[in-house]
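> Residues per chain are reported as follows:
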Amino acid sequence: MRRTSPAHTIGKGVLVALLLIFTLFPVYWMLASAFDARAGRSSSFFPQELTLDNFAFVLDEGGFTVFLRNSLIVAGATVLVSAVLALLAAVAVARFRFRMRTQILMLILIVQMVPLEALVIPLFVQVRDLQLLGTLAGLVVVYVTLALAFGIWMLRGFVAAVPVELEEAAYLDGASWGRMFWSVLLPLVAPGLVATSIFSFITAWNEFIFALTMLGGATENYTVAIGLRSFFGQYSNDWGAVMAGSTIITVPVMIFFILVQRRLATGLTAGAVKG
Amino acid sequence: MSTQLPTAAPVGAGSSPAPTGRRPLSRRRAALARPWLLLAPSLLVLAVLLLWPLIRVVLFSLQDYGLREIVSGEPNWIGFANFAEILGSAQLWTIVLPNTIGFAVLAVAGTVAFGTAVAVLLASLGTTWRTIVSSAIMAAWAMPAVTGTYVWVWIFDADRGIFNQTLMNMGLMDDPVNWFTGRFSFYAIVLLNVIHHGFPFVAITVLAGLLGVPKEMLEAAEMDGAGGWRRFFQIIVPQLRQVFAVVIILSTIWDFKVFAQVYLMPGGAGSNREVLNLGVWSYVESFGQNRYGFGSAIAVLLTLLLLSITAVYVRTILKEEEL
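Residue numbers (this note's numbering), protein chains in the order written: chain A, 50 to 324; chain B, 3 to 325.
Looking at chain B on its own, in the form it has when it is part of the complex (with noise of 0.2 Å):
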């Protein structure tokens, strides 16, 4: 979401909003604290829901805090005795880690593949068709995951679904299979669903970057007897580099955190234990259990597997763009 801004004008020269020669004092006080004052609505409200929730879920992870402590608001103070729970649990090791990185690993991968071979087909195409192309595109784009979700449990659904009764018709298969029981049968699925949704934005910013390569250098390399791949490899992928690390980092912190794409599955909230990510687990556990400070603790190692992710991003993208 966050690549589409618009290239910032350097602030520089609108630094102050006029030149400060020689106004009175007061003016100049206010020319001061404008920007707090315009500020302090955000700030407040970033503030009081982000910050705030962000200290308090920590401090929730370090106690045993269910129903009884939400009504009363007692604190329950336990030590890192829920980290200590979910480190040395087994469900973490052999399914729920695993399934959150593995997936988001085939997923990033799956995603930035196929949105780059998306955009080289563009950027190979007439305007017309790139249009028509990019519109439809943008149609998967707009899906909202929870009905794009549902569409895809309907297409796999097994007693009617499409997928089944086409195998079935073809041959292939004699009774219809359930494919959200299997584990990796259920995360291929889920894996289909996060790859078409969020190929679309991979395909467009990528898009953008292969457009403003200079001509010239193609041509060049061409004349120099560069095939296809080599170009591709050797020009555009280094020209493009800032790019894709924007579109690699934004998808993995994406697909760590994917949701309702597996708690809306069969199977996804909870009553298949073989399926749990670590979003779907923290969820589980508290709404579900009513272990709000387990369902925390898990929730902070998620948050700090992202933040890690996001301070890559900051460090590779943004040090020289000025801000």
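Chain A extracted, bound-state conformation (with noise of 0.2 Å):
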């Protein structure tokens, strides 16, 4: 594998430029349409003339100052509400043997397969049925339930990971199991717990048919992902405003993608137990 002929290098490069550019290509598109005033009618590949007013548009007329908000609160109570159930779910099944531990683990692993499709319906039926149509509440409730399976899952590897020794060693000098989860599991758990937590809140902030299905006219509680749609159709020409709003989308969620991968590369609890 060490034949590096110029012709083999040239090659490679020449692969390499095409894989970038299909990547790049959409994002770049997307920025380039956003930040151009005058996005739809030119035929070039650059932007002919750099503007904010696209964002300006959106932000103000769009509503997505709104939007934004209602993701935020949406995302946020999700990410906190099955961040402290899975963590606790995941500490069970990852340092406890109990009868049927290995059923719940694979009725979890099941449940997260099934499509949403299915899901969508009696959902939809039963928030109904509890009020909560129309209300972020009432979206907080169906998100929690997408991300914990998931979260269980991730973070079961997590604390699976942390050494037995370390638990051990808080009993001996007289730890209770409290102490114990509080001081010694908690904070070498962290890494992953920001792991799950930054996953749940990209499925919350990302999803889009329950948005659309339980919020249905009530626009002032759209969310980012189904607000998008709303503007879409009203402006369906004024491209250059739909891109801005698929950046203000799309750029935390890469930012936070980024991070998440940094934090799984990196050995969790590596030194944790010196020789």
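To be clear, the hints were calculated from the coordinates, so they are not data collected in a lab.
Beta carbons are placed, not taken as given, at the ideal position from N, Cα and C, and that holds for glycine.
The reader is advised that the hints may include incorrect statements.
[Unchecked claim] Chain B side only, calculated, beta carbon under 8 Å to chain A, not exhaustive: (1) Pro55; (2) Arg58; (3) Val135.
Each chain sits in its own coordinate frame; assemble them with the hints.
What follows is the structure in structure tokens.
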């Protein structure tokens, strides 16, 4: 594999360039159109007239300020509730052996595979019965459920990676289970908790079907994912504005995503137990 | 998503929090109850908001469930009439099923092949370029389905999209073409969208596997005169069997239930019956026509399809791994 003939290197360079173009073009095109005052009126691959007007228009007249606030509330609440529930459950399945443990893990895995389309009808009826249609609370309830199964599976790995010896050392020092959980386990699982929380945040931030179904005509409670849609229909030819809205939705997710990858890459408990 | 799990350490030694030697009985009982107390909130949420709805969608599928039934809460049983109607409809066999399955097969094949090719390319790069290209790939992965779909719709927009403009400037085309009306061109765009969004997961996962293949094996094969293709198919692929199984089955599950990528395209929300797939059909019948029972029956069929794939997943992959 150590052949580095010039032709070989050039060929590889071309492949990398093509790959980068394919991968980044949609992102580039979204940004280019969002910052271009003449988006959709020229056929150039580069912005003709740089401007922030599209963003101002979307945030102001498009109502995106409200949509952003709603999405932050929903995603924040989802992260908090699902992180607490998933951590407790993950400790149970990773640290204890009890009857039905394997069955419960399987159940959680299978439940995760169920298509949202199958859940949207009964959950719509259920949320309607709870009188929560059109509210953000109804959406949080649904998103916690969606984030929970994945969170338990992911955190389970992080909890299992914490050496048991550390726990035992805490018990030898006279700590109760609660004290051990709070002072030993929690700090060590914190990076995993952050990663899981970011995934829950992204789930809630991006989710589309339930927001579309549950919020219905309650425009003041729209999240960004469907706020963009209503906006799109209204000004269907103003692509600059649609792309500005898309940029506002996409950028925080991209930042979080890169953060999450770093977290997962770093060794979790490297050096926690010395020789 | 779910294959990012860090490898689990064996639970064995940590099965109970501390040696249970000669502890008072009450403490031992507390230790026995603890896992259940910890699990209770999650299990409650999952039972009420996932399991019960799943049972309910089956119950709905056996009823003529419309707006009237939603308001009154009265059941209206009709047996398997919904299923009979679905299975007897020409729409299912000529449009919906070919769209769903045909698309899933092409999308999985495309995503896995392209993702693997990218992984091989990444593995051959130096550290700097590998970091640069992986970061770019992350950006494609992080793009939400909703905004990603809008960007592709904008690129292929009939009147002003850059795709039509470029083709016309190059003289390949005289008049703009509306790519969203034809069934095949519609799904070609969905395919591009889904592969673009799905290949990063495959590339990163396969790359992790590739880097784990012992160098000695590859060098030995090279000394024995095996070419690049042969090394790939006879050494790397068998070594990564598990990785490929995960990647293929997860992609299959995701590609069978593409929803937003179809629903948000022009005509995808039910106005163009030619491009319906199972998920969108179920949604459109339920919330567009208020035929919640009929929509539930479609959803049940989709779920059964996916559960059988999941069963394969569980059997082939989790068989050896201790839970």
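> Hint by hint, note whether the structure agrees.
Outcome of the hint check:
no., hint, in the structure
1, Pro55, "holds, 4 Å"
2, Arg58, "holds, 4 Å"
3, Val135, "holds, 6 Å"
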